[in-house]
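Go by the hints and put chain C onto chain U.
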Amino acid sequence: MPSMNEEKRYWRSLAEHATSPQQDEARPEFEAPLAPPTQQERRHFLKLSAASVALAGAAGCRWQEDHLLPHTQQPEGVVPGIPRYFMTAMELGGAGVGLKVKSYDGRPIKIDGNPAHPDSLGGSDARHQAAVLGLYDPDRSRGFSTLAEGGRKPASENEFRGFAREHFSALQAQKGRGLAVLAGESSSPSLADMKARWQARFPEARWFEYEPVSSPNERLGSRLAFGKVVRTRLILEKAKVIVSLDADILGSRPDSLALARAWSKGRQPEAGKMSRSYVFESSLSETGAVADHRFSLRAEHIKPLAAYLDAELSRRLAAPAALGAAQSAPSAKFLEDPELRKLLTAMIADLAIQPGASVVVVGATQPPEVHALVHRINAVLRNVGTTVQYLEGLDSSEPSAPEALRTLNEEIASGRVQTLLVLDSNPVYTAPGDIDFSAALAKVPRTICASLYVDETASLCSWHVPLAHFLEAWGDVRASDGTISIQQPLIAPLYGGKSAIEILAMLSGDELPWGLQIVQRALAPVVGNAAADPRLWRKSLHDGIVPGTAAAPDHPVLRPIASFEYAGGALSGLEAEPGQLELVLAPDPKIYDGRFANNGWLMELPDWATKLTWDNALLVSPKTAQVLGVTDSTLVTLSMETESVSVPVLVAPGQATGSVKLYLGYGRTAGGSVAGRALAGGSVHGEWDDQASVGVNAYRLRSKRLWDFARGANVKPTTEKYRMATTQDKHTIDRIGKFGTDDRLPMLVREASLTEYEEHPDFVKHAVHHPPLLSLWKDPVKYEGHRWGMSIDLNKCTGCSNCVVACQAENNVPTVGKDRVYMGREMHWLRIDRYFKGDPEQPEVVNQPIPCQQCEHAPCEQVCPVGATSHSHEGLNDMTYNRCIGTRYCSNNCPYKVRKFNFFNFHEDLKEEKNKVQQMVYNPEVTVRFRGVMEKCTYCVQRIQEGKFRASRENRPLRDGEVTTACQDSCPTQAIVFGDLNDPNSQVSQRKANQRDYSLLEELNVRPRTTYLALVRNPNPELG
Amino acid sequence: MAAVGDLQEWQRESGAADAPAEPKDYRAWQTESRGDNPFARITDTVIRIVETPKPPRAWYIALTISLCWVACFLVAVSHLVWNGIGIWGNNNPVGWAWDIVNFVFWVGIGHAGTLISAILFLLRQQWRTVINRAAEAMTIFAVICALMFPALHIGRPWLPYWMLPIPNQMDMWPQFRSPLDWDVFAVSTYFTVSLVFWFMGLVPDLASIRDRADTTGRRLIYGILALGWRGSARQWHRYERAYLILAALSTPLVLSVHSVVSFDFATAQLPGWHTTIFPPYFVAGAIFSGFAMVNTLLIPARQFFGLKGLIEMRHLEQMNKIILATGTMVGYSYAMEFFIAWYGASPYEQFTFINRAFGPYAWAYWTMVSCNVIFPQLFWFRKVRTNIAAMMVLCVLVNVGMWFERFVIIATSISRDFLPSAWGYYVPTKWDFITFLGTFGIFFTLFLLFCRFLPMIATAEVKAIHPAAHGH
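One line per chain: the protein sequences are U and C, in this order.
When we follow our numbering, the leftmost residue of the first sequence carries the number 1, and every step to the right adds one.
When we follow our numbering, the leftmost residue of the second sequence carries the number 1, and every step to the right adds one.
Hints listed in this document are in silico derivations from the structure and should not be mistaken for laboratory results.
Just so you know, these numbers come straight off a predicted model, no measurement behind them.
We put the CB at the ideal spot given by N, CA and C, even for glycine.
Some hints could be false.
Stated by the list, open to error - Residues of chain C clear of chain U, computed beta-carbon distances all greater than 12 Å:
1) P93
2) M170
3) Q175
4) R177
5) T215
6) I221
7) A335
8) F339
9) Y343
10) R416
11) L419
Claimed, not checked - With a cut-off of at most 25 Å between alpha-carbon atoms, the simulated SDA-like pairs for lysine to any residue come out as follows:
12) K738/U <-> H79/C
13) K837/U <-> P360/C
14) K911/U <-> I354/C
15) K721/U <-> V427/C
16) K837/U <-> I354/C
17) K818/U <-> N83/C
18) K738/U <-> E349/C
19) K765/U <-> T429/C
20) K818/U <-> F433/C
21) K911/U <-> V81/C
22) K837/U <-> S346/C
23) K837/U <-> E349/C
24) K818/U <-> K430/C
25) K818/U <-> E337/C
26) K778/U <-> T267/C
27) K721/U <-> T429/C
28) K911/U <-> N83/C
29) K837/U <-> Q350/C
30) K818/U <-> E349/C
31) K738/U <-> I354/C
32) K778/U <-> S421/C
33) K383/C <-> V393/C
34) K623/U <-> V393/C
35) K721/U <-> K430/C
36) K837/U <-> F358/C
37) K765/U <-> S421/C
38) K738/U <-> S421/C
39) K430/C <-> G817/U
40) K430/C <-> E784/U
Same shape as in the complex, but just chain U (with noise of 0.2 Å):
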């Protein structure tokens, strides 16, 4: 009714008063929200139920939506409230890791990985395990968009087809003229297959592949050493020396996950098999933290260094000519270090008396000469064919070089794109700070973004379509060595997603509409016709893995390396300039680029070595803070050539002295409710509230010049402090404090050097002395049937903290948020601690992993008024939650500390209609914890009663190995091993057979049911 309003009209705002009613006509009167409002109720859940159990049942294909409605018949093996298992895969940076899905009546709730996965062997990472959540994402976005003016407007799947037959036959016609394609980097045979049929539908068209965090050096490196693209697969079972030059391979690798596994074969004291490393980095990495010998060094050294091993590897060892001249010994300044030097004349020694049980990796981020190079090195100690094996190269396209992003910004400044579609990739965020790729989207005149959020790039694309979650779609992967994956759907898309491979499909007109039917067709060489025979197809799917894809083994011949040309201060020294500082970006160990920043238990999640949560901060090694006089939590103005941003320093023993680190994937301006959105004026997210961004965003700071690491950063100390959330050292810990942590530190973690051990294997017996522990009473409990118990072997962690995700997942552990962290109030059951120890500036590292002791004496269970928390008969300390009136009494008298008490609810926000789908990431075996109740691990006691029940169907004892904990599960080395202790072979009894095992504050005499076994080093004895 306009005319009545003409003079009176209401307003909302006072802006809006002032806009003139024609204006205020176009717009509704609520803003249209930017997605249809979600229904995750029953009707629809059933649907996405049915549609899942449809395609679990049969290889299924969701496609066949006209299922789409609940079971009037039970189907033959699907029982309700039982969970079923299914396998897929996941793919980051280009390399795919195999994974096992629990699947809980449709739902996907839990993810590990899949034992028969060649980058997995059953180990998950935190990523992995975090997946669940980033599925259930309320912020993810709920469907279709197109550019409108103040804002984005919601539109149809159909809508946006129209748009898409019209506009790409009229491009078809043009032959794809002025049509671009920005693609992140990816090894899915299924989308090279697309990407060839759209190259051939489209043939001027352009194809770029961005990846924020790239190693093409690898490749490039390859080339240099062998003229073709080889991979590179390390066994390091067999190693004896490890060498690590900047290389995190437990940690940062696609296939870390099975090195960490290789390498804890080789850590086993007692089977007499102790490898030893030497690891030289500028960071402190999982693989620094359990090396035998670390040096922090700078990332520009590592090149002089690895000529320096090579010239004096090649001369001892008599290289043979055919691989051409070695090195000449560089005059680096940093090498007449009297510490390094003694350390590197021990390790070429050792490395020399081994020919062909080492190994010599160099990191991603080296040059690509490095990587050449130690390609030569490995040859010259007589390893390739023993510890280093080559494969056939599977990557035959182009290095995504960070060029791609370049070119791509230079032919659309050029006018040459008209047409740009962004397949997963956010470029408007990780582009490095001289490339301003908002400016470069908004000249060209159809942009269409497909992404799992409305993020930097599709907040500003003409269109945005939905993009599937991986649970959500069929795909393929291949992992580190060839072998293929098929990635399978495990629920219908929430959201009406499409997955890239349909994305393309739809536009390019394919006549496989399907995801499904798409990667059939890609993977016809390899799994035959699943149409006709789907008995290979449905074995793959079940396995994981489709057989026989890994890459042949190849025996590439080396070239000669060129002599090294040294840059900039590649031959300092090693102290600390200012102004001259090393300024390295890395991917975060959590959120990686940046595209988990809004998840929540990545959030939160301790960093393995700073503990920090939520921030990305600058490290700094204590002896550099000291030169530029800052400490912890010092804001300070770091600057690369014209580029600066402001951010808190801190300091990070184990950092090499000069080189600073930032991780990058943090300041999202449009990440969502976790990761920030943009503050008032970026009003592209019509429902959401703004966020602040979480830490600093670190692409800025990159250029052509700075990619993953170089000198010339400049480090300003504001007068300003920030406010950091760190899970341990809470605050910076004074003389008392450090007195006391180095007073106990040896009886809390114990250590021995292998020569040690083999003098006194029973070496942690002595690492206390207290009087007998004597009982006051009788232990209440017999114990008749099953004794539980777990055993950590220290010599195995790693300390990467995926158990502590995967605890996570499995047991409904609430994030807290910042504040509450800083305060103390983190609820994470299981923690690893970290400690230092020796010279800050080149510590030693220990991890510890704490779940709950499970004390026989539980102190908590004395001090409980209302007997909430209980010894059970298979020697647990449950917690009753409905028992619990919250004294915290509990938590007071447990030594460990591993008791965590809701503050708040914390699961207060899933009242909320946006955020009801996020409930569906719970686990139903494990009840959600009200505010005022203490909580804490219990074994997964689902998890053995769910064992017990199906032994007790089947008529058969339990047997070792069948109950496992989510820690255990998740973890790469297998450090966590959890069993009945009644039963004698059990690996747990096994384990604490062992005279390793100790029992943490056992003069306590609280009998924790948790024991560890002790950390063995194996240092060069010449070093002594």
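Chain C in isolation, oriented as in the chain U frame:
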């Protein structure tokens, strides 16, 4: 000597220093006392406070401030019950902080009254008679404040009754190995006995008010409260017997209640809590703080209500002597804790004490030592002991120190226990402050109402030790 003249004379005889001239404001309010019988004068001095139509302006001001704090307390508690105890600063190593600190603090305050009434009664310390009524009232009010914390500090504050042995359909029963349950019984028993003891002592005075009442309302209310007291010899006889029995019953309670409270800590295995010295140390500390609080309350009360004639300087001086004695005992305990930590050779225990004195909470520790051990030493000087301003300052400091003692014991021990990875630091929030100050609001409100509506001094007992009673 025949019936001696007036109160002034008795004061002179008993050697009390001359009371300073009373401020003019209050003199007007004090009506002329009737009769010249010294007993009548005592009754009159005490009971006219109840009868007077208008209390002094200071009373109104104090009550208004107290009621404001009560309102704040109610807001804090509503917020707490609605949102959870996360509004406080407690965290994961520091599960107990101000909540339990305040509980122990108030229970400690609540020690003086019954000690004065019961133990000093049994020990025939006659000087107690002028202060015992107010001290007992203070005990009751302090225990009321204390009892709120165990109920409020729990995560689900609507369920504190689960700690009581109430037969129920849920088949739940308290877990009696927990010292928290011992606490429930110790404190509630103490509260009940103290309340009965106090009320019984009030009966003859309530009857006096009833007898003197000139309004129906007062006659009715005090008549009911007086339980039909007629003052007959038989009633007096029964009364004395009952009083003696209750005194005998209360005596062990005075010692037991804080011993049991100390078990909360002593039986835990946390270094800094796990100490056998705690029961006597806690009891000494409780008497120390209780006496300081009695002085803190009585000094202004005698000033404003014109009771200097009854509550004399020598009484206050006696109190100060006890404060000095118990303060020294507390100091001895502090020293002994350090000695045992060294002698016991447990590295955790040793660290806890070094950390207490020199760690992040050293400021709290040294506040405690100064207020509890160093400053009370001034009471060795008679001049300080008998100086109103000095004793007021010192008694307030003792109360501050004793609050810090509990904070030091509870929070510093727990913030750094066995595993350094789990160490934390506790910082109170504004709600911690409001809740704590709110309990002071309740305490002072109750005390002010007591001063106005109940006889502040046990007249019968004062009369019994008056020279006039022994003059024949």
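- prompt: Looking at the structure, which of the earlier hints fail to hold?
  reply: 1, 2, 3, 4, 10, 11, 12, 14, 19, 25, 30, 32, 34, 40
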